[in-house]
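These protein sequences, in sequence, are chains A and B.
Reminder that position 6 of the first sequence reads as 6 in my numbering, one-by-one numbering, no gaps.
Reminder that position 197 of the second sequence reads as 197 in my numbering, one-by-one numbering, no gaps.
Think of the hints as simulated: they come from the structure by calculation, not from any bench.
These numbers were taken from a predicted model, which means no experiment stands behind them.
There's no promise every hint is true.
Under 10 Å between C-beta atoms, here's a sample of chain B residues computed to sit facing chain A [as the list claims (entries may be wrong)]:
| hint | residue |
| --- | --- |
| 1 | Leu31 |
| 2 | Gln96 |
| 3 | Ile100 |
| 4 | Asp128 |
| 5 | Arg157 |
| 6 | Glu206 |
Glycine included, C-beta positions come from ideal geometry on N, C-alpha and C.
Protein chains: 2
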Amino acid sequence: MGRTSDGHTEGRRERKRRQTRERIEQAAMSLFLERGFDATTIEDIAARADVSKRSFFDYFPSKEEVVFAWQDGFADRMMTAIAARPADEPAVKAVQHGLISAIVLAADERAMALGELVRNTPTLRARDQLKYAKLEGKLTEALRLRARSEEERRRMRLLAAVVMSALRVGGEVWNQEPPGTSLEAFAHRFFGSFWKSLGEFSDEAEKTDQKIPSVMAESAR
Amino acid sequence: MGRTSDGHTEGRRERKRRQTRERIEQAAMSLFLERGFDATTIEDIAARADVSKRSFFDYFPSKEEVVFAWQDGFADRMMTAIAARPADEPAVKAVQHGLISAIVLAADERAMALGELVRNTPTLRARDQLKYAKLEGKLTEALRLRARSEEERRRMRLLAAVVMSALRVGGEVWNQEPPGTSLEAFAHRFFGSFWKSLGEFSDEAEKTDQKIPSVMAESAR
DNA sequence: TGATAATGTTGCACTTGATGCAAATATTCA
DNA sequence: TGAATATTTGCATCAAGTGCAACATTATCA
């Protein structure tokens with residue numbers, strides 16, 4: 001009997017299940033890239049993966065979910081990477097490095113093709129946005145595991161949100177970047193300018209403002 | 001013949017069309033609130049609005065879109081409100097005030113009920129996230145109309161993104177707030193602490209960092 | 001006013017995504 | 001091997017959404 005990476009034994013049953021899932025995913029992805037998402041039916045996918053149409057839904061809850069199946073793995077790697085950062089590192093740096101290392105690992109050709117597919121398939125836009133929301137949730141979790149005070153826990157929710165903004169906008173800028181650029185270097189540069197911009201926004205706001213008690217800190221009425 | 005608010009004549013045809021649309025929207029919303037989104041079929045809606053199932057799709061492209069039909073009006077009001085801010089006001093303040101005034105106008109009972117509906121209808125989560133993306137696009141537009149340099153235009157994309165973060169997180173915090181709180185006051189307090197937090201994130205990042213050229217400014221390779 | 005063009009509405013047939021269920025098949029393990 | 005368990009499949013069914021052609025209403029203008 002085979003064994004999975006975490007030492008848990010994997011019988012024929014589990015192995016076949018995993019293989020079938022992979023077969024379906026690959027069949028679907030190749031069809032999506034060939035004909036487009038909308039022009040591919042579940043029957044097409046099932047046929048190429050050599051399973052029944054009904055079985056498709058035993059592995060994926062919907063056609064859309066196949067496109068975003070990679071997400072869970074990505075989120076896990078991101079969480080692990082953040083957890084691995086030194087405990088005394090400031091949160092902003094821990095996310096930046098953790099996120100970037102997860103991105104660099106994930107950003108292969110397949111991922112790029114997938115991004116393009118999503119970008120020119122209007123049907124997928126809503127589900128694509130949900131991706132960020134899910135990731136934001138995971139990011140909040142990961143950051144809160146490091147938080148050392150209630151106050152910091154609250155701030156982490158906000159940090160996760162703005163980091164997702166960085167990811168979104170960074171992605172856009174990256175897509176306009178000439179090909180051949182190093183993704184990792186780009187990402188660090190982008191984050192650098194991102195933090196700087198946040199500071200500028202903050203300064204602009206302060207200039208015209210009197211001090212205001214934090215609404216996150218206490219439930220001020 | 002009647003006239004619309006913008007002086008354009010409205011014949012029977014246009015008037016009936018508008019009325020039918022409103023009837024469908026109300027029929028749908030009342031059914032959604034009574035039975036839930038998933039438990040309501042298009043035929044139910046069509047029946048209550050007294051049109052054929054086929055006609056429903058003449059007015060709305062899908063069941064989901066009815067729930068988010070208010071969005072266009074909101075975005076327009078937001079853009080108008082921002083455009084109405086003094087030209088020399090810093091961008092951060094212009095968005096804050098513009099956005100808040102649009103929110104205060106929109107936040108009636110119906111909107112709150114709708115928010116709750118969306119929150120406990122998993123089917124709508126993806127489309128709900130798309131709402132923010134669309135709004136972010138409009139916000140970027142509105143801000144860029146005020147921008148006075150290319151550099152500022154680029155920064156506005158980022159500002160729009162982080163402001164949407166504020167909207168998202170602010171909404172969450174607001175929903176945990178005791179009822180009876182003034183929304184407008186809350187929103188201003190929240191934005192105050194938001195800008196402050198951005199500054200803190202920025203400072204935390206600077207502490208551990210050397211200077212980095214802005215990647216937004218030039219297409220540095 | 002009345003003919004005609006333009007637009008709106010409806011019914012109908014059809015495709016596809018998705019779900020429940022029960023029969024058939026494969027796998028595990030004592 | 002054979003009983004228990006899990007997987008796969010086919011089939012029926014529902015609901016969302018689209019194209020199309022027939023029909024109804026409204027607008028236009030000679």
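To see whether the hints hold, each was checked on the structure:
A distance limit of 10 Å between C-beta atoms decides the matter here; for leucine 31 of chain B the minimum to chain A is near 22 Å, and the interface restraint is violated. Of the supplied interface hints, the one on glutamine 96 of chain B holds, with its beta-carbon coming within about 8 Å of a beta-carbon of chain A, less than 10 Å. Hint status for isoleucine 100 of chain B: violated, given a least beta-carbon distance of 13 Å to chain A, over 10 Å. Interface restraint check for aspartate 128 of chain B: the shortest CB-CB distance to chain A comes to about 8 Å, inside 10 Å, so the restraint holds.
Against a cut-off of 10 Å between C-beta atoms, the interface hint on arginine 157 of chain B holds, since the closest Cβ of chain A lies about 6 Å away. Residue-level restraint check for glutamate 206 of chain B holds (minimum Cβ-Cβ distance to chain A is 7 Å; threshold 10 Å).
Of the numbered hints stated above, those contradicted by the structure are hints 1 and 3, listed in ascending order.
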